[in-house]
Each structure stands twice: as structure tokens, then as C-alpha cells.
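In order, the protein sequence lines correspond to chains W and G.
Numbering of the first sequence is given in numbering that gives the first Met the number 0, commencing with residue 0 and proceeding in unit increments.
Numbering of the second sequence is given in numbering that gives the first Met the number 0, commencing with residue 0 and proceeding in unit increments.
Note that these hints are calculated values from the structure, not bench results.
Some hints could be false.
The calculated DSS-like cross-link candidates involving lysine-lysine, where the alpha carbons are at most 27 Å apart (straight line), are [stated by the list, open to error]:
(1) G:LYS66 x W:LYS300
(2) G:LYS63 x W:LYS263
(3) W:LYS259 x G:LYS63
(4) G:LYS66 x W:LYS350
(5) W:LYS263 x G:LYS66
(6) G:LYS326 x W:LYS300
(7) G:LYS66 x W:LYS204
(8) W:LYS140 x G:LYS66
(9) W:LYS55 x W:LYS106
(10) G:LYS326 x G:LYS254
(11) W:LYS350 x G:LYS63
(12) W:LYS205 x G:LYS66
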Amino acid sequence: MEFTVERADFLKELTLSQGVVERKTTIPILSNILLEASEDSLQMTATDLELGIRSKCSAKVKKGGSTTVPAKKLFDYVRQLEDNEIKCKATEAAGSSALQVSCGRSKVRMPGLAKENFPVLPEFPGKLAVLPPAILTQMIKRTAFAISSEESRYTLNAAMMILKPETMTMVATDGHRLAYVETDPVVAKEGYEGVGGELRVLVPKKAMTELQRLLTDNPSEGGIEFGKDDNHLFFRVGTRLLICRMLSGQFPNYEAVMPKANDKIATIEQTSLAAAVRRVSLFSDERSHAIRLHLDNDELKIVSSGSESGESEETMAISYAGGPLQIGFNWQYLLEFLAAADSEKVQMEFKDEQSAGQIRPASEEKLRYRYVVMPMRI
Amino acid sequence: MWLKPARYSHVQDKSLYILVPNETYRNWYEQNFAELLDDAMRKLSLGVERIELICGEQTKTAPKQAKFDFDAPMAQFNPRYTFETFVVGRSNQFAHAAADAVARNPAKAYNPLFLYGGVGMGKTHLLQAIGQAILSNPEKKLRLAYVTTNQFLHEVINSLRYDRMISFHERYRNLDVLMVDDIQFVGGKERTQEELFHTFNALYEGQKQIVFTSDRPPKEIPDLEERLRSRFEWGLMADLQPPDLETKVAILMRKSELQSVRLPDEVALFMASKIHGNVRELEGSLTRLLAYCSLTATEITVGTAQQVLKSTLAAQERKITIESIQKVVADEFRLRVSDLMVKNNSKKIVYPRQIAMYLSRELAGASLPEIGRTFGGKHHTTVLHSIEKIKEGRLADKDLNKILHKLSGTLQ
Numbered sequence: 000m001e002f003t004v005e006r007a008d009f010l011k012e013l014t015l016s017q018g019v020v021e022r023k024t025t026i027p028i029l030s031n032i033l034l035e036a037s038e039d040s041l042q043m044t045a046t047d048l049e050l051g052i053r054s055k056c057s058a059k060v061k062k063g064g065s066t067t068v069p070a071k072k073l074f075d076y077v078r079q080l081e082d083n084e085i086k087c088k089a090t091e092a093a094g095s096s097a098l099q100v101s102c103g104r105s106k107v108r109m110p111g112l113a114k115e116n117f118p119v120l121p122e123f124p125g126k127l128a129v130l131p132p133a134i135l136t137q138m139i140k141r142t143a144f145a146i147s148s149e150e151s152r153y154t155l156n157a158a159m160m161i162l163k164p165e166t167m168t169m170v171a172t173d174g175h176r177l178a179y180v181e182t183d184p185v186v187a188k189e190g191y192e193g194v195g196g197e198l199r200v201l202v203p204k205k206a207m208t209e210l211q212r213l214l215t216d217n218p219s220e221g222g223i224e225f226g227k228d229d230n231h232l233f234f235r236v237g238t239r240l241l242i243c244r245m246l247s248g249q250f251p252n253y254e255a256v257m258p259k260a261n262d263k264i265a266t267i268e269q270t271s272l273a274a275a276v277r278r279v280s281l282f283s284d285e286r287s288h289a290i291r292l293h294l295d296n297d298e299l300k301i302v303s304s305g306s307e308s309g310e311s312e313e314t315m316a317i318s319y320a321g322g323p324l325q326i327g328f329n330w331q332y333l334l335e336f337l338a339a340a341d342s343e344k345v346q347m348e349f350k351d352e353q354s355a356g357q358i359r360p361a362s363e364e365k366l367r368y369r370y371v372v373m374p375m376r377i
Numbered sequence: 000m001w002l003k004p005a006r007y008s009h010v011q012d013k014s015l016y017i018l019v020p021n022e023t024y025r026n027w028y029e030q031n032f033a034e035l036l037d038d039a040m041r042k043l044s045l046g047v048e049r050i051e052l053i054c055g056e057q058t059k060t061a062p063k064q065a066k067f068d069f070d071a072p073m074a075q076f077n078p079r080y081t082f083e084t085f086v087v088g089r090s091n092q093f094a095h096a097a098a099d100a101v102a103r104n105p106a107k108a109y110n111p112l113f114l115y116g117g118v119g120m121g122k123t124h125l126l127q128a129i130g131q132a133i134l135s136n137p138e139k140k141l142r143l144a145y146v147t148t149n150q151f152l153h154e155v156i157n158s159l160r161y162d163r164m165i166s167f168h169e170r171y172r173n174l175d176v177l178m179v180d181d182i183q184f185v186g187g188k189e190r191t192q193e194e195l196f197h198t199f200n201a202l203y204e205g206q207k208q209i210v211f212t213s214d215r216p217p218k219e220i221p222d223l224e225e226r227l228r229s230r231f232e233w234g235l236m237a238d239l240q241p242p243d244l245e246t247k248v249a250i251l252m253r254k255s256e257l258q259s260v261r262l263p264d265e266v267a268l269f270m271a272s273k274i275h276g277n278v279r280e281l282e283g284s285l286t287r288l289l290a291y292c293s294l295t296a297t298e299i300t301v302g303t304a305q306q307v308l309k310s311t312l313a314a315q316e317r318k319i320t321i322e323s324i325q326k327v328v329a330d331e332f333r334l335r336v337s338d339l340m341v342k343n344n345s346k347k348i349v350y351p352r353q354i355a356m357y358l359s360r361e362l363a364g365a366s367l368p369e370i371g372r373t374f375g376g377k378h379h380t381t382v383l384h385s386i387e388k389i390k391e392g393r394l395a396d397k398d399l400n401k402i403l404h405k406l407s408g409t410l411q
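Bound-form chain G, shown alone:
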């Protein structure tokens, strides 16, 4: 009579929970059966150490007040940025697969997801595609926020200024999905980093999905607190590389298809091979070509393409050479180009030389021995050392980082 109503409830933390109808039952069980049950459990060796009895009435859920669904997603998406319009190639298939997995199973696949890649590689496109895919699932009704780092920063500032930190926390910590674009801008903003850190922890602990994009890997974001950096690297990092020729052709075809224009294969191939750099430039060139052809009612041929894109192509042709780097660096530090090549180990010379070597490697893609030769016959290990030194220095030294940015800006 006493045993019959007992039901198995669940196992948690090595405790076995048994459901009994009420308090009386529980007392009775504890007085009469407790030892017996414990013994039995030990003999069965189920990995259970304790037995807890819970009363049936306690499991009844309390009435819950429903709320208005005012919390429309804090997200403004560009309807063009979906997975369907994203052209997958070898350079971005990993990032695409990761994003797709996250969109299908938020917080279960990869958390956090950190997408990085250069300008115009499709980071924002992928990010918005994730967002729109998640929101398009009406059953789940996930709360999602998509903000740029700049928006996040301004919200922190305004919340501090108007004393609305509580509402800020409430907003961001009750999300199911947080997506932050261009996270590299958080570098050097201490309070924003702190808020981001706490938001991150709250969401991560609650098993909510977090996605970041950046134009460089976390390691290279300057002035980023170590605890944030390590969190960024916690989940999956996926990079987006510049597209290869085939992908570029595919992008051009897809984009012209969207505008219901047929782009001849040879024109697509011509543009893809001539335009280096990012997808945005590629799209811009295509838009220009299509606009020109439709306005002047000319046929799209390689010839017209050549003519219309003359200026773009000319700029593309200007390749960065070690010589040009040497010149720019020498100018920056008020030296002569020949100074960089002499055998002189004074700091005034060594430092600019290291910078020039670093840039030659990064921007001109020159090999170590090649760099060594052009810098007055240095051994390739010397070159490697110089490059490593600048690479590390750039992480810690804000000024150095600034100089490097300025120099590469002048060069490109």
C-alpha cells in the first residue's frame, strides 16, 4: 500500500529522485525504508549515491504571468544578406559551414563563433545571414540582437550617462542570440570591454549563442584585455580568405543573375582575373559595367569591360613592391632608402628596417631570402627575427600599430 504510489522522477548529481504523493508518505518512507533503499542502491551500483524523496505537490508549477512581446528583435538586417545569396568557394566554405551550423542549432553548434577576414570578404553577409535564418524560424521565437561594436559602445556610454545600466543589462543579458559586428573596434575601450565581458559571461553561462566578426584574429586586436581575447578564442574561429578565381567568377555570375542580366563567361573570367582584392570591389565593378551597358545600350563584352573598368584596373595593376615599401618607410622615418640597406645597428636604423621587412613580407608577399637580399644581404633568419619582432610588438604597442596602419594605407 505504501510503496505503490512511489514513482521514479529523475537522476541528478548522483542523487536519485523519487516522487511520492505527499509529506506523510515522505516521512513514512524515510523512517521505514531509507536504509533499505540505500543498501539496495549500493548493491546495484548504479552510480547513485543518495536518494531524495520529493513530494508530488511541489512539482506543480506556479502560475506564470505572461508578458507582451514588445521585444521585437534589436536587429536591422539587409534582406539581401542571406545564405542563399552567399557564394561559397574554397576560401570561405569553412566559415560558411560554421555559420550554417550555428544558424541551424544556435548555442549548440559552436559557441562563440568568431568570424574574421579582410575587408569585403563577406563577414557581415554571413553574420546577417545567421541572424535572418534564426529569426525566420517562427517556432523557436529566439530573442536576438545584432549590433555593431559602435552601437554597443554608444549604448554603454548612454546607459552610463543617463544612469540606465540596469536596463542595459536587462536588454543584453536576456537574449538568446547576440551578434556583434566588427568587434576589433572594441580595442582600447575599457568600459565597453568590461560590459562585453560580463554580457558574454552571462550569455555563455546561460548557453546562449554569441557570434562575433572582426577584420583580424583576436590575437591581433590591439589593446584587448586578455580575458576577452581568450573568450573570443574559446569557441570556433573561422576565417574568410580572399576568393579564388573560380569563386570570383561564380560571384559575378550570381550577382548579374540577381539583376536579370546575362554576363558572358569570358567577361566574368576577365573581370575575375583582373580584379584582385575584395568582393565589394568586384561587385562595384560589376555594377558599373552593367550600369554603363544598360544606359548606353551596348553589349557586354570584354572590350567594353576593359574600357569601363580602366581606372579600377589601373589601380589594381599597381602592385606593391619591396622598393615602394622601402621608399615609404624611409620617408616616414626621414631616412634615405640606402640607409635601410647599410650595415648599421643603431636603433634609429634597425627599427624602420624591421618595419620595412615586416611590410615586405605582409604586403608584397616576398620570401625571406628575397627580403634579405634587397635589404643589403641579410641572412633569412635575421629577416625572420625582424618580422616576428614587429608582429609581436604590434600587439602591445599602440603607436607601432598606428604607424603600420598608416604605412600600409599609403602603400595601397
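Isolated chain W (complex conformation):
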């Protein structure tokens, strides 16, 4: 294998592989990236067996072929190279393969592992749906933070994506709070090609993060092609393909926990609420992160009392007529929502101090966003 590639192009694709490759893995070849050169392009593949990414960049290929080299090392090296043109050549000697990389006056020889041991990733099986990138980005932003990182209940380590003919929905929860976002069938339809019927899939947290990364650095104009085979989900973004092993299992019945009769409604300005919560949080109990909201007569009082650090209190004018209510929350859960909400005003809907509260943007256009959070007993 021998090829020449533009440094900027090469680096961009290598960057994308970094999130997928595991730093510490028991299978050495998984820390490698697979390079395959043919015709006029270079294809790169990285995987941790759960998630894989395959991308392409144009290259002048002198001789086709393939090899695998440590992904992190190659990335770190290419990042620090100065010249624009990088020459790569794979050498095979006495059963051990190596990659020679040269660029201007720099030169390196990296030992590689034979391609045969690299896991084979499935091919894109054809698109089932087309998802608009801008909307998808927003949806991931609004839900990904609520995915659980505890391993005890594995279906919560993923967000559920529901594709319907007209709409797309994403739900994530960790058992304490739940983020739900659905596209408006009219306004957000542009660029969306749904499936016939209904398709529910679990997208693992890592896949959500990587997908978000692919979307932020997305040179192509078109939509994201979504595909699925028996065991994998596929997201094709331009020349890049994200492949993720499907999680099977029962996502909890989230509809049952979404409040239906919360009639104590407060409307609050988002930025000032976030600022107040952030200030009060400094003096909350460090282990529980508990703060208390007191609502009464167009006024919101936010109170915290950590046993050592002191007591803090904020009051703000809101619009509220639901009668006096005291309710405790984990401030992190509130702030994470406020950071994702993107709305001038938010609406908080409560029933009583023991039932889940629902928070949502006060006005919405393309997305119907609901955030349900369980209170804290204080």
C-alpha cells in the first residue's frame, strides 16, 4: 500500500475516530485504525466492537492495500506535522507489517497489525429514513444528558428513538428524570423522511455522543441516512458512516411516568432562573445536591442549606397562581435542563411536593420538549 494524502483532510477523519477507539482495551487491535487505500481514496475504520466509524478522504493512491496502526499515535503525530502533504507506505517484512509515514523532513515507521485480525464491520444496508441534521442535533442535545451512566439497568444507558411516518421522538431517562423530545409533524417535517409504521430503537450513549460530533463537523448538505439490520444501527452522514451495535431490551414505560394532571403552573425567565439556581447550588448539601423551591403568589424563592457551607436564598418574580408549594430538587437536574432548553421562558408544572414536576419551554416551534423530574424529599 502506498498513498499520498492532504494533511488537513487526513487529520479531520482521524479526529473523528478518536472518540470511538478505546484507550484501554484487552484486544490490542481495537486500539488500531484500519487504513484501506484503493483507486483515489483512503478509507479509515475504527471500532470498539460496540460502535464503529468508517470514513473516507481523497488520496493519491500509488498502490492499493491495507494495514492497521495505533489510532491515537497516528492522530497525535499527524496533528503535529507541519507540511501539507503526507506520504504513507506500508511495508511487509517477515510476517510483520509496518507503516512508514513521511511529511517534509519528518519521517516515522510505525509497527502495525495485520488487517485480517481487525473486526469486519457490516456494510450500510440501505436507508430506512432520512433525518434532518439540524433537528437531530437539537434533539440529541436535549436528551443525551439524561441518559443513565449506571450499569445496573442497561436499557437506560441508551436513548430511545422512535421513528414514525411524520415525526421523530427521542426519550432518555436515568430513573430520576426523563427528557422527551418530539418533532412537530408540520414545522419540522422539512428534510425528514420517516418510516412506514413505527420503529423503536435504542441508541447507546456513546453512539449519541459520536453522532453529535459527526453532526457538528458535517460538510455535507444532505440529510442523515438511517439504516438498520438485525444487529446494528447505521447513521450515514455524507461520506462518514457510524455503525452501532443495537441494544435489545425493554425500555421502561416512560409514558406512564409523564405527568398528566400537573395544574400548578409557573412561568419563569430561563436565564435568570439558571443564574439563581447556580448561585444557590454553591451552598447546597454536597452529597444530595438538594435545593428547595417555594412557590407562592407570583414569587419563587429558591433556598439551600448545606450543613457546613451556609444557607443561601434567592427570590424572583414569576407568574404563578397555583397556591403555596414547597418542593425539593437536585439542582443539577434543573440546570442540565435549563442549559438544553434554548427558550426565553420556561414553564414549570407541579402537582404536589411528592409528585414529579414537568418543565418545558414556554413557547415551542419545531420541537415539543418535556422534562420530567422527580422531587427530593427533604
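Please arrange chain G on chain W, whose structure you already have, making use of the hints.
Same frame as chain W, but now just chain G:
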């Protein structure tokens, strides 16, 4: 001034806990009153050995994050299987009473409860009735799992395969009530037994209710680890016997009532006396009779019953005799029937003979002298010895157990 705020808190492990407002008070008490208090306590001889002071602030509970109630019960119940639809007779009243007690006071009445009885005696019915009764109490909101041993086994396998043991443990060890149906199938499945053992311990220590059903007592479950067996026998074992005639009549009446059909007394009596064996068969026969009568618009009489249930009754009539047992056993071991009766103590003969004797006792219900006579004039103690030997052997010897099952299958 110093003593006034002190309050009695509680007594635990021979220590008396006294609640004081804060750290300062505690230090002051310890420096000034400790000996005085200890002395006083000893004189009063209340069975208290130590005095501990706790600060009031410590007892304030930490804020607790509430969780979504996703954990809908892992239980699929048949709504027909409730206590109301269970017909109680002499044969099952003990098991019914035990189940009822458990349903009323989970983990307080009998723990674990082990229900056993033959096929179609109502084990699953009782088990599901317990489950539904517990779940129908909305105040308690107990977390309950009802699984068959097979489901449990598959969950163990899948958790191992996909490396999800942690989630498995979390699921089963945070329950308030665990109900496992047909536990006899756990025999020989080592890893499942191990998981069951640990789950059992975790739940039992946490004072959670556990209920098992099995088609035989723990002692007779083959390849069951001793530590599990002893745990099964730990609580209450209740058996369900085949129903007596009156109970069978009552069952028939109740079932036909549920279908809004009046079953004449003499038909019920006829069916109850003719159909031996289990309740399921009884219900099946009833369903057939009712279906026939409603489809052909005939009246339900003893005559129609006789006609409709001819084949069932014929099979029932075929009674297991010692002769038939001898024949089947001889066939199985490639012997002649007469071989079983001669005076020959070679292992080739003795072993099948013991098996045949055992089966004669178990299946034909013959008396010991009767068995002795038909097997070539053996003394009844010889017969008893043979039967005991097979009974014990069946627990340890898998192959023997298999042969016995096969033989009794052929016979019935």
C-alpha cells in the same frame, strides 16, 4: 438546665440511647454524668449495659431523591387464578390457609412457603392467587416478581451471556416478594441453583417473602444442592393432595357456575366419582360436556355425560395393576415376567425387581404383603427394604430417576 433537654431515644443491643440537642451537651454529659448514669442503670437492672448519647442533629434524615416507578411488577397473572375461584377442600385446606396467610402478611407469616403437589392440584393457582392478592393492596406497593423456573434459568443464561449479572442481581435482590413456579426444574442446573441460592439469601435476610411451588417435596427433587434443599425446607411446606369426592363436586359446581350453567347434582356426582386424578382433567371434562350440550342444544344429564366423556372415562378405568407393572419393568430390562418372581439374587434380577416393587407400592398402592406374594412369596420386610432402597437411590441416581419416570409414564 443541662439535664432538661435530654430525651429517651431507643434501646438496641443492650444499649440505651439518649437524645441530646448537640455536641456540646454530649461532651458535658460524658464528662459529668457518665459514671452517675452507669451506676443508676446497674442499680435499676433493666438489662441495659451501656448508655450512648446521640446528638439531635444526626437524626435528621438526609434528603432523598425520589425515583420513577418504572418497576412495574414482573408478573403476568391469569385473572382467573384468585383466592375467590379456588375451591377449598380437605385435601388442600392447609395449603390454602398457608397461602392466604402469606398473602395477608407477606414475609411475616411463613417464609419461605413451599407448596407442592401433583400435576393439576392447583399449585400455580394458589401461587398466582397470592401474587394477585398482594398486588391488589395499593397501600403497600410491594415489588413482586412471579417467574417460572424456566424464565429464571433463561434470565441467568442471558445475563451471563451479555454480561449483565449486575442488573440481574439488582432486579431480583430488590424485590419484596419473589415467587418461583415449578422449582423442581432447577435440579441439575448448577449455576441457576447458585444464583437462586444467593438471591434467596439476600431476600431472606432482608425479610422478604419467598414462595416456591414444586411437583414434589424438596427431598425428592433430583440433583438439588443440599444448601438449597435445606433452605426450601426452612419455612413452611404445604402439600396439595388430590381432591376428595366432595371437593371435586364442589369444583365442578363452581366452574359451571362461572360459565352461568346449572350442572345437575347427579351429573356432578357422576363425573366426580368417575374421574380420578387431577383437577385439570376434571375441568377439561366439564368444558367438553358443556360445549357439547350447548352446541347440540341437549340437556345435561348423566346419560349425555356418559356418552360425551366415554373416551376419558375409559382411560380412567384402566387401572394400574401389579401385573402390568411387572410386565412393563420386565420389558424395560429385557427379562421375562417370571424372572422377577424366581428366587435369584443376581444383580441383573434384583434391581429390576426392586424397581417393580417400588412402582407397585407407589402407583398401584398395593400393600407390602400383597407385593411380596405376587413377587414369588417374599417377606413383607424384604419388600419394604427394596422400596426404601429405590426411594433413596432415586434421589442420588439420575439414571434411576429417569428410568422411573419413563416407566411410570408408560404405565399411566
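Assess, step by step, whether the Cα of W:LYS259 is no farther than 27 Å from the Cα of G:LYS63, and give holds or violated.
The given pair, whose Cα atoms are some 24 Å apart, holds under the 27 Å limit.
Between the alpha carbons of G:LYS66 and W:LYS300, is the straight-line distance 27 Å or under?
24 Å, holds
Satisfaction of hint between W:LYS263 and G:LYS63, Cα-Cα up to 27 Å:
Distance of about 23 Å is within 27 Å: holds.
Holds or violated: W:LYS205 to G:LYS66, with C-alpha atoms at most 27 Å apart:
Answer holds: W:LYS205 to G:LYS66 is near 24 Å, not above 27 Å.
Between W:LYS263 and G:LYS66, is the straight-line Cα distance small enough, at 27 Å or below?
21 Å, holds
Below or equal to 27 Å on CA atoms is what counts here, so check G:LYS326 against G:LYS254.
40 Å, violated
Is the straight-line distance between the alpha-carbon of W:LYS350 and that of G:LYS63 27 Å or less?
With a Cα-Cα distance of about 19 Å, the restraint between W:LYS350 and G:LYS63 holds, given a limit of 27 Å.
Given the hinted pair W:LYS55 and W:LYS106, is their alpha-carbon gap at most 27 Å?
With a Cα-Cα distance of about 23 Å, the restraint between W:LYS55 and W:LYS106 holds, given a limit of 27 Å.
Are the Cα atoms of G:LYS326 and W:LYS300 separated by 27 Å or less?
89 Å, violated
Please verify whether G:LYS66 and W:LYS350 have alpha carbons no more than 27 Å apart.
16 Å, holds
So if I understand the rule, the pair passes when the alpha-carbon distance is 27 Å or less; does W:LYS140 with G:LYS66 pass?
At roughly 23 Å apart (the allowed maximum being 27 Å), G:LYS66 and W:LYS140 satisfy the hint.
When you check the alpha-carbon spacing of G:LYS66 and W:LYS204, does it fall within 27 Å?
21 Å, holds
Consistency with the previously given hints fails for numbers 6 and 10, ordered from lowest to highest.
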